[in-house]
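A.B. asks: Listed below are the residues making up each chain.
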Amino acid sequence: MPTGVPIEFAHLTKSFGNVDAVSDLSVVIEPGQVTGFLGPNGAGKTTSLRMLLGLVRPSSGTATFGGTPYGRLASPLRTVGASLEAASFHPGRSARNHLAVYAQAAGLPKTAPDAALEKVGLSAYAKRRVGGYSLGMRQRLGLAFALLGDPSVLVLDEPINGLDPEGIKWIRLLLRAMAAEGRTVLISSHLLSEVQQTVDDVIIISHGKLVHRGELSSLDVSDSKQVQVNADDRDRLAEVIRQAGYQVSNLRSGVLVENAEAAEIGRLAFAAGIPLTGLSQKRTGLEESFLTLVGEEGSL
Amino acid sequence: MSFFAAVHSEITKLLSTRLWWVLALIMVGYVALCAGGLGAIFGGVGSSNNGPPIPEAQLPQLIYSFATSVGYVFPVLLGALAVTSEFRFQSLTPTFLATPRRGIVLGAKVLTLLLAGAVFGVIALIASIGAGASVLSAFGIDPLLGDAETWAFVGRSVLAMALWSAIGVGLGALVPSQIAAIVIVLAFTQFVEPLLRAAASFTDWSAQLGQFLPGSASDALVGASVYTMLSPSSVSLDWWQGGLVLAGIAAVATVIGYFTSWRRDVS
Ligand SMILES: Nc1ncnc2c1ncn2[C@@H]1O[C@H](COP(=O)(O)OP(=O)(O)OP(=O)(O)O)[C@@H](O)[C@H]1O
Ligand SMILES: [Mg+2]
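Residue numbers (this note's numbering), protein chains in the order written: chain F, 1 to 300; chain V, 301 to 567.
If you're looking for bench data, these hints aren't it; they were derived computationally from the structure.
Just so you know, these numbers come straight off a predicted model, no measurement behind them.
A portion of the hints provided could be inaccurate.
To give an idea of the interface, some chain F residues facing chain V are shown, with a C-beta separation under 7 Å as derived from the structure [said to hold, decoys possible]:
#, residue
1, R50
2, P76
3, V101
4, F145
5, R213
6, V248
Glycine included, every Cβ here is placed at the ideal spot set by N, Cα and C.
Between the sequences and the hints, there should be enough to build the whole structure, so can you do that?
C.D. replies: Right, here's the structure in full:
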């Protein structure tokens with residue numbers, strides 16, 4: 001079984017003219033877990049990953065796989081599987097031939113393309129020209145390319161973009177399974193909510209700089225717990241909760257209670273004889289602290 | 301060996317899209333039409349007893365040489381498109397991920413396109429000899445198919461087509477924009493160079509320079525062409541010198557292209 005290799009960014013810097021796309025990024029990504037590489041549009045995620053893969057030359061600093069730069073890996077596709085956001089294929093080529101081209105270049109077995117297509121569920125479309133593929137099928141083909149060499153490290157740029165709910169669930173399970181096997185899995189996204197259920201660790205960058213690094217739960221710094229609750233007689237419900245000493249505000253679809261536990265609010269309503277039509281605990285902490293970290297002006 | 305793996309991959313790239321056979325098909329039609337048409341004209345002139353403008357012994361090679369004199373643009377296009385489509389469709393990303401050493405990729409492309417150009421040469425010669433020889437025979441002129449000199453000419457023509465294809469690779473690396481590369485190939489081969497060759501033949505010193513134009517060098521390598529027939533007095537390189545000029549152009553363009561576009565950031 002392939003054992004993962006850590007990905008190491010050390011003082012990685014890239015400027016395009018006077019745009020500092022990535023500034024002094026230093027971070028290590030460990031094997032055995034899924035790491036989310038997050039940041040708003042233009043934060044420098046793609047540029048960092050392209051430097052890691054030897055496609056873009058850093059202005060300074062290094063990005064390596066356990067100390068070895070991509071270009072010096074003995075067998076790159078067997079070590080690292082990567083898919084980048086851009087659709088990188090000739091539209092006139094079939095999916096199988098597209099993969100065969102790179103399997104041959106990397107000296108992989110003849111069976112590798114079909115095996116990879118099988119893994120991503122594209123076997124039925126193997127002979128179809130890629131130009132006619134839908135966005136989600138292209139995304140899967142990109143993933144098939146990444147899986148070609150059964151690599152011990154996966155580097156995926158926005159892999160969830162364009163997938164349907166079924167596909168999102170599938171890729172989530174796949175990535176979790178690969179991490180559980182001890183591989184290194186790094187996925188980028190500009191939406192925390194998109195990868196929230198997939199990642200163990202997060203790296204957040206904004207304007208090319210590292211702003212946070214830690215476990216997913218470390219983002220949940222907000223100590224305010226909110227409960228959303230609803231009833232047919234919404235005004236009376238709000239009154240009862242307010243009298244119990246909670247801070248209440250009205251939403252379109254119910255009442256929002258600050259600093260509360262769902263169980264406690266449920267008991268209050270029961271005691272007052274108000275039948276509830278909805279009750280849920282809201283966890284707004286993650287997304288909010290993400291937005292705080294990248295700043296209001298974080299997005300382009 | 302990663303070089304031969306890269307060549308294997310490049311061959312698959314070339315054969316797995318429709319480009320090669322579309323180009324080959326147009327080339328066959330064009331070359332056969334020119335060779336058959338001119339064969340009929342010269343054959344007809346010769347048999348009408350007005351005195352042929354060209355000795356009968358030279359006529360077959362002249363007609364067969366349409367394979368290169370009009371066919372060479374096709375291997376150039378094939379080579380140029382093989383490179384520029386990698387830029388256009390951003391397939392340099394997976395290509396360089398599979399083979400991070402970019403020099404190996406470019407070298408493999410040159411070798412693959414040399415082979416493909418040679419195959420195009422064989423196809424073009426089948427078209428020109430097939431059409432030309434049957435027309436000549438119909439007019440009672442010996443197509444000289446048993447002649448050793450004819451087969452030496454065939455060999456030099458195949459070499460010329462292979463080199464033209466490598467020039468296409470160099471051009472594609474030098475001018476990665478697909479549209480620009482196609483415009484340059486068509487404008488230069490169909491318009492600029494014929495004019496330059498005509499203009500160069502006016503004075504002695506310009507004729508000395510003119511023989512180094514790629515089209516003149518190619519005709520020198522092949523040993524026969526309608527162009528040289530139209531201006532028989534003009535100077536010409538030896539066949540091997542013509543081959544070296546073509547190889548030199550391909551090498552210089554490829555090396556400059558490597559240092560300019562090929563090593564750039566892929567983003
Ligand atoms: N080739 C280039 N030339 C000039 N500027 C570039 C180039 N590539 C990226 N940039 C700039 O570098 C910055 C970072 O871009 P990058 O694509 O890495 O962001 P990203 O985090 O991947 O964004 P997104 O979420 O939109 O994909 C941007 O300001 C972008 O405009
Ligand atoms: Mg990006």
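A.B. asks: Determine for every hint whether it applies to the structure shown.
C.D. replies: Okay, the hints, checked on the actual structure:
The closest approach between the C-beta of F:R50 and any C-beta of chain V is roughly 6 Å, which is under the 7 Å cut-off, so the hint is satisfied. The interface hint given for F:P76 holds, since its Cβ lies 6 Å from the closest Cβ of chain V, which is under the 7 Å cut-off. Proximity of F:V101 to chain V holds as hinted, the smallest CB-CB distance being about 5 Å (cut-off 7 Å). The beta carbon of F:F145 is positioned within 7 Å of a beta carbon in chain V (closest approach about 6 Å), and the interface hint is therefore held.
For F:R213, the interface hint is violated, since its Cβ never comes within 7 Å of a Cβ in chain V; the closest pair sits about 25 Å apart. Because the smallest distance between the Cβ of F:V248 and any Cβ of chain V comes to about 51 Å, over 7 Å, the interface hint for this residue is violated.
Hint compliance for this structure: hints 5 and 6 are broken, all remaining hints hold.
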